[in-house]
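Asks: Sequence:
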Amino acid sequence: MNAGAGNPSAQSLVDQARQEITQIVREVAAASHEPRKRAEYFRFLADRVLRAMAGHGVVIWTRPLQGDSTAKDYVVEHRLGRVTDSALVDEAELVHQCLLAEVATDGIPVVVPPTPGADQIDVPANPMPYPAAIVPIRIDPSTSLPEGLIEVFLDEGGTAASQRGALRFLAQMSDLAGEFLRMRRLKKLGQLLDATDRVDAAVERLHRMTSTAMIQAAWVDAAAELLRLPRVALCRVDTTQPRIVAVSHVDRIDQHSEAAKAIRSATESSLQPQHGLWFADCQEVASPSGSDETESAPTESVPTRSTSEPSWVVAAHPDSHWRLVGFTSDEAEHLSEEVYWGTLNRLLVGGASAWTAARRIESVPGGRWFSRLLVEPDSASTDAVQSASVSYRTRRSRANRSRVRKTATWFAAMVVIAILVCLPMPSLVPVTGVIRPVELDTYHAASDAVVDSLHVNHGQMVRRGDLLATLTSSDLQEQETSLLGRQAVLLRQQEQVNQTLMSRPSAQSNSESIHDGREVEEEIESIRRQLEIIRESKDRLVLRALRDGRVDAWRLQERLANRPLRRGDDVLSVIAEDSAWVVDARVPQTRLQTVDKALQSETLTADVGTAWSSEMDLVATAERFGPIVPDPTDGTPSVVMRLSLDRPPTLGDQPLAEMPARVTLHCGHTPVGWFLVQDVVHWCQVQWGGYF
15 MNAGAGNPSA QSLVDQARQE ITQIVREVAA ASHEPRKRAE YFRFLADRVL
65 RAMAGHGVVI WTRPLQGDST AKDYVVEHRL GRVTDSALVD EAELVHQCLL
115 AEVATDGIPV VVPPTPGADQ IDVPANPMPY PAAIVPIRID PSTSLPEGLI
165 EVFLDEGGTA ASQRGALRFL AQMSDLAGEF LRMRRLKKLG QLLDATDRVD
215 AAVERLHRMT STAMIQAAWV DAAAELLRLP RVALCRVDTT QPRIVAVSHV
265 DRIDQHSEAA KAIRSATESS LQPQHGLWFA DCQEVASPSG SDETESAPTE
315 SVPTRSTSEP SWVVAAHPDS HWRLVGFTSD EAEHLSEEVY WGTLNRLLVG
365 GASAWTAARR IESVPGGRWF SRLLVEPDSA STDAVQSASV SYRTRRSRAN
415 RSRVRKTATW FAAMVVIAIL VCLPMPSLVP VTGVIRPVEL DTYHAASDAV
465 VDSLHVNHGQ MVRRGDLLAT LTSSDLQEQE TSLLGRQAVL LRQQEQVNQT
515 LMSRPSAQSN SESIHDGREV EEEIESIRRQ LEIIRESKDR LVLRALRDGR
565 VDAWRLQERL ANRPLRRGDD VLSVIAEDSA WVVDARVPQT RLQTVDKALQ
615 SETLTADVGT AWSSEMDLVA TAERFGPIVP DPTDGTPSVV MRLSLDRPPT
665 LGDQPLAEMP ARVTLHCGHT PVGWFLVQDV VHWCQVQWGG YF
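Residues are numbered in our numbering as their position in the sequence shown, beginning at 1, plus a constant of 14.
Any given hint might turn out to be false.
Only pairs whose alpha carbons sit at most 25 Å apart, straight line, appear in this in silico DMTMM-like list of lysine to aspartate or glutamate [as the list claims (entries may be wrong)]:
hint	residue 1	residue 2
1	K552	E539
2	K51	D61
3	K275	D295
Read the hints as simulated data drawn from the structure, not as lab findings.
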């Protein structure tokens with residue numbers, strides 16, 4: 015149809031609508047890349063969507079940033095139009111929320127037909143009288159739930175084709191909104207990373223300082239700069255009254271001024287746990303004037319106030335006696351929430367730890383002076399930390415002074431080390447050994463026997479000839495009994511031979527009787543000698559003390575009573591009363607050369623103590639070296655050295671034969687350096703000595 019001049023054709027209207035929609039898309043795309051506020055952008059987006067789609071209303075839903083939020087936690091970010099969710103009441107609102115959760119879970123753009131009167135809260139439906147087009151807004155496709163939803167209430171007379179076109183347009187707007195949120199999040203993460211780097215650098219500079227006064231001044235200055243607060247005060251509250259120790263950009267503090275009183279009053283406010291620290295935001299009635307400590311400063315996320323009513327911000331870390339007090343007003347620039355709380359938390363923790371470390375250094379005598387020798391030029395003063403306009407000549411001069419200090423420090427350290435290495439120190443060789451008496455009588459079993467009776471106890475003093483133990487031998491008893499029986503038979507035969515010689519005068523018979531008599535006499539003599547030997551053996555089974563002394567036989571009754579012994583087995587020992595005592599010390603081969611040199615120069619002395627006593631109360635004199643034996647503790651070879659004690663050891667009234675001992679050999683003096691490296695030198699000689 016040909017249209018008149020005043021009536022445009024349908025094609026021209028379609029083209030005009032397409033151009034308007036294209037223009038709207040361009041405007042939204044441009045706005046998505048502009049640094050706008052979140053609320054302003056969504057207001058602009060809702061207006062353009064409503065104009066382009068000619069709907070009855072637009073609602074933009076968003077999900078909280080918490081990671082544990084669910085599909086039912088979507089809240090209204092912005093609404094526009096005459097038909098929105100505001101008209102929903104009671105069950106209809108719950109049904110509509112169930113619909114949003116279903117669309118968010120599926121993540122697919124849909125057009126939901128109207129179902130007025132729907133009241134089943136667990137069945138997703140559109141209780142509005144108009145179709146609803148719902149499209150999710152995603153920032154990260156890998157997330158299970160979208161960050162937001164765009165809901166548009168369409169005209170009820172639309173066709174399926176028009177609804178598909180509306181969904182395509184709305185999906186395009188959703189992509190642009192996701193791009194805006196993505197760029198906003200990236201920008202926020204970049205700001206957070208930059209703020210983290212800056213606060214880490216500030217905390218690092220604080221830790222490189224060695225004076226608590228410098229740390230306090232730099233602490234408040236860094237807090238004022240990083241938190242964008244014109245004035246920050248640092249208070250200590252571990253005493254009865256809060257004490258102001260530093261104020262940013264202030265050299266002198268008047269503790270009696272009205273501003274100081276206001277700061278101390280602010281530190282006494284009730285703090286609440288918030289974002290990992292204790293925080294309070296209290297508004298004052300009036301602002302103290304004429305003082306450098308009370309200028310106003312901004313904080314993050316504070317309510318709108320008049321500039322004549324500044325706010326005091328107090329922050330502290332848990333279990334900390336420090337309070338950071340800042341001042342805020344509405345004229346200053348605000349930080350984002352993540353940047354603000356993260357920076358404040360790091361400043362509180364880092365400043366407190368730096369102050370504690372510096373305090374420990376100051377408590378050590380001369381610690382501050384030694385730490386300043388190694389301090390970097392940029393941490394030598396608070397001016398160097400905060401000022402960026404230091405001249406090149408000043409920085410170079412400070413760098414030169416730092417190098418000179420470091421060189422002098424290293425030179426002094428090397429001289430001190432050289433002196434310490436060359437200083438003589440006592441050469442002590444601790445070893446182990448055994449204390450034993452020189453005169454020790456050990457009594458053995460003369461033959462196979464059984465202990466019949468014991469006449470002494472362990473530790474008992476005995477005299478020469480005293481009875482110690484009685485042993486009995488069943489073999490000797492049997493032999494003696496057999497020999498006595500044979501002797502009686504032979505004696506009877508001898509009597510018969512004598513009678514025969516006297517009754518028979520014949521010469522032949524007399525010669526035979528004389529021959530038989532001689533054989534019997536010889537056998538009787540042999541039996542007599544055997545009986546004497548048996549009696550001597552039985553006498554040796556009766557043990558008597560050979561000299562005066564003390565019995566050394568621990569658990570004598572338990573070990574020996576009625577016990578069969580083999581010939582040569584030990585029965586007991588007696589330590590001579592006037593015996594000398596010696597120590598057999600085991601000297602490791604790594605210390606043998608040192609001990610031998612001291613022995614040759616007659617400077618070797620030794621202190622001896624028992625293994626169970628901490629006192630070295632015995633003095634010993636070296637005599638000679640003995641054989642090489644393995645050490646009983648670790649098996650390493652050691653050389654036995656005989657030492658004579660100046661007096662016998664005592665342990666009450668008990669004997670001390672074979673007693674473990676600790677021995678300290680005094681081998682003169684040796685340099686400290688050689689004392690530290692002699693084990694390394696010996697190891698090298700053992701490992702590589704055969705190759706050179």
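Asks: Which earlier hints can't be squared with this structure?
Replies: none
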